[in-house]
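Listed below, chain by chain, are the residues.
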Amino acid sequence: MNTQSDNTPETTGVNVPGYSRSSTQPFFWSVRRELWENRSIYVAPLIVAAVVLFGSLVGSFHLPGRRRLAMLLDPAHRRAAIEMPYDIAAMIIILTAFVIGVFYCLDALYGERRERSILFWKSLPVSDLTTVLSKATIPLVILPLTIFLIIVATQFSMMLISSAALMPSGLAGTTWTNFNLFQQSLILLYSLIVIALWHAPIYGWALLISGWARRATFLWAVLPLLAIGVLEKLAFDTSHFLSMLKYRVFGAGDTAFAFRPQHGVAIDSLLQLTPGRFLATPGLWLGLAFAAAFVVIAVRQRRYRGPL
Amino acid sequence: MPQPAIQTERTVAETMITIEARGLRKAFGTTVALDGIDLHIEEGRILGLVGPNGAGKTTALNAILGLTSYQGELKVLERDPWTQRDELMQDVSFIADVAVLPRWIRVTQLLDYVAGVHPRFNRAKAESFLAKTTIKRTSKVRELSKGMVAQLHLALVMAIDAKLLVLDEPTLGLDILYRKQFYDSLLNDYFDQNRTIVVTTHQVEEVQDVLTDLMFINRGRIVLQCSMEEFDSRYVEVMVNPEHVTAARALKPIHERPVFGRSVLLFDHVNRDQLAVYGEVRRPSIADLFVAVMSNNTTAPPPLPSQAPAPEITK
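So the sequence lines, in the order shown, correspond to chains A and B.
Count the first sequence with numbering that gives the first Met the number 0 and you get residues 0 to 307, in order.
Count the second sequence with numbering that gives the first Met the number 0 and you get residues 0 to 314, in order.
This is chain B alone, in the form it adopts within the complex:
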């Protein structure tokens, strides 16, 4: 099926397209990791790629980064990632998860090396980010805590003047403070209208207010994509008072879950004022929508437990 393109509120003629894919497909033996995906991501967007484990998120990112071969058409910043990875990496930065910095290297060596090979690396900038941390220049990566390694990698990446930043579970295993800092730094000190960020994470609560676009992916297919403006206008969650449940159900909620003996119903494209009479109307979380979409997706694995995964930070 054709995928609707992610639309910005106004499509300007000169807007650069960062990632353009048509029929992107990748199979490992008989396992299909990507089953014909279309992507159209413009610059200045922050796209969240959400999906269960094994949905194909990492494979999609690997294809975009030139780390894996693929079938179909894919252009990243107008280059073919598989054949032009080294050129592409002048304009693309990548944080896989916190464990990929070589453990034997010293902080100064890391800075020397990146400055020596990367034409768009601003060492002074990296140094000033590091100055805000407790990371010692003479330390080896193996001597740093997990959080410090993440800070170090982030300092490197933020000092690279890239057009596309790809983050694959960047905050995995970090504590709340580091995670918060991570996204705050990215938004305040890095992101601007000329850059694009693609992020996958299981901790969707903490990126909900960061994203401009959202994409759900399951079994190698895109099952939902929308901008966050669209998300806010389309989806409404109502905590329905018990006496109204039947009436509310008549409006065809896409999902229903019990919370403290009351029912929380999730609606798509239903008038807010109409719903307000049944109970408290609120903005759904990405996690709630994810559960709803996944359990309605007939090809999905057995439905997840009706309760949404507990958010890491209660807002």
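The following block holds chain A by itself, in its conformation from the complex:
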């Protein structure tokens, strides 16, 4: 099998059929690799969606009675009442994705060091930058897209369930007139983008810790932040740091949406989306700057750190 001795090494691998010289896509394959390893990225939201559907199936026995009551309300409140289960379903799945994303990031650069497979990954021509970016893509792009599809499919299934339950009482049409799936999907897509951008520094921080810590990545990611908050409270009797953390987790909604006070958190009009105001929020850009810095440090960590 000494074909190489006839050719110069430069030309073998290019001309010999079977070599994939021109078509390597390290980034694409690195992302796929993450999905092979972490099937929870799509399995967990699917399980939650199945639970939600089961719940709405059970709840559909009481649906005709509740819908009759809802129909007595004024149009705006009626709409809000009918929409609520769909919003709750979306929120539960979004929350699941957040938890998955954080725990994924905490393990992303730690697991490969713990099981020593980092030595194998590093023996391939894939840069540390490509590797870390492919891992950051999971919570920032792949997870939001995945749950977008899952949520829309779940909500559509819930509409079918409610229509079937309401069919005998002749109220089936009220679901479709009060819940506009297409418009809600646009609102959902916008929300997921907002959340991903807002939470980027959280994922970046988790990646950094997973590339740095030698054990207990979750504790290293959380305890120092809590310690700073407690110290501040004890030393100055203020809680700016803790409220900053709270703002980072929950603060996106206030600028990205125009809530109507009388309707609570229900968003049922595209007019309520305020991307301009969101993009003008200093907190967004500050967060993204931190996220970028954390990723840069994580790339450096990957270069310096070996197996544990």
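Hints are computed from structural coordinates only; laboratory data are not their basis.
Some hints here could point you the wrong way.
Claimed, not checked - Derived DEER-like restraints, expressed as beta-carbon distance ranges:
{"id": "1", "chain 1": "A", "residue 1": "Ala-257", "chain 2": "B", "residue 2": "Thr-82", "range": "46 to 54 Å"}
{"id": "2", "chain 1": "B", "residue 1": "Lys-135", "chain 2": "A", "residue 2": "Gly-64", "range": "29 to 37 Å"}
{"id": "3", "chain 1": "B", "residue 1": "Glu-228", "chain 2": "A", "residue 2": "Ser-22", "range": "38 to 46 Å"}
{"id": "4", "chain 1": "B", "residue 1": "Glu-77", "chain 2": "A", "residue 2": "Val-140", "range": "33 to 41 Å"}
Note that this is a predicted model, so its numbers are computed, not measured.
For glycine and all other residues, C-beta sits at the position ideal for the given N, C-alpha and C.
Given chain A, put chain B in place with the hints provided.
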């Protein structure tokens, strides 16, 4: 001290230099792992790096592979491994030990991935190597035996058209059959004059006939380096008959060990015919020379037991 370069029998002008290091140094805190090493390894060589645990072998390999930073000059295939690891890895393959393949991955996924990221990977070749084994494509690495994982990794590496292959204890924990197969495959199906192999192992007996060059390393320094031709011509072992022991000792053996009540003396640069009169003359094993060199090395740790480590395979 300046290290003599490993010389091939004829130094051809166009011979590529695979690894060139000058004053390679690495310290972890106050522990010096590499204490100024010079390397000059040409293509087409198979270098065995032998040393006690903690001698700096793995650190040297890690520096060559761009896995650790270092002081001094180092060029691997004319690149700086620390800053150009991903480029370098197009031409370098590496087997650390059998445990580094990710345990969760499936065989097919592994092939897909390497084909997707490595421009010099020939998937068909890897498939044909795998066809000779009992490894199922749908298996996960965690379901394979240690030997099968080694076969799988070897199949991947042999399908990569690399110029340098680095093996760090590649046969650790494998049984005799796999170990034998491992080196046989490498020599018969992989190695040629355009490739270079650097291997570290404690099982020196099984690589003795594989190597073209030998290097002993201890406490971060090179304590011996020679080609295997040089090894064969320089070192002679004599099982001295009891009545000749005193006379033989006068020729200044570098090491002496008792075997079954007789003395085995190891000589460096002593005429073979001169020694033949004292007893049976034979080729020393690398392990025997290693023990001799290590116990003469004044900076070495307390001398190893006078008996050489038992070879795994008795030839």
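### Task
Would you pick out the hints that fail for this structure and give their numbers low to high?
Per hint list: single violation, 2.
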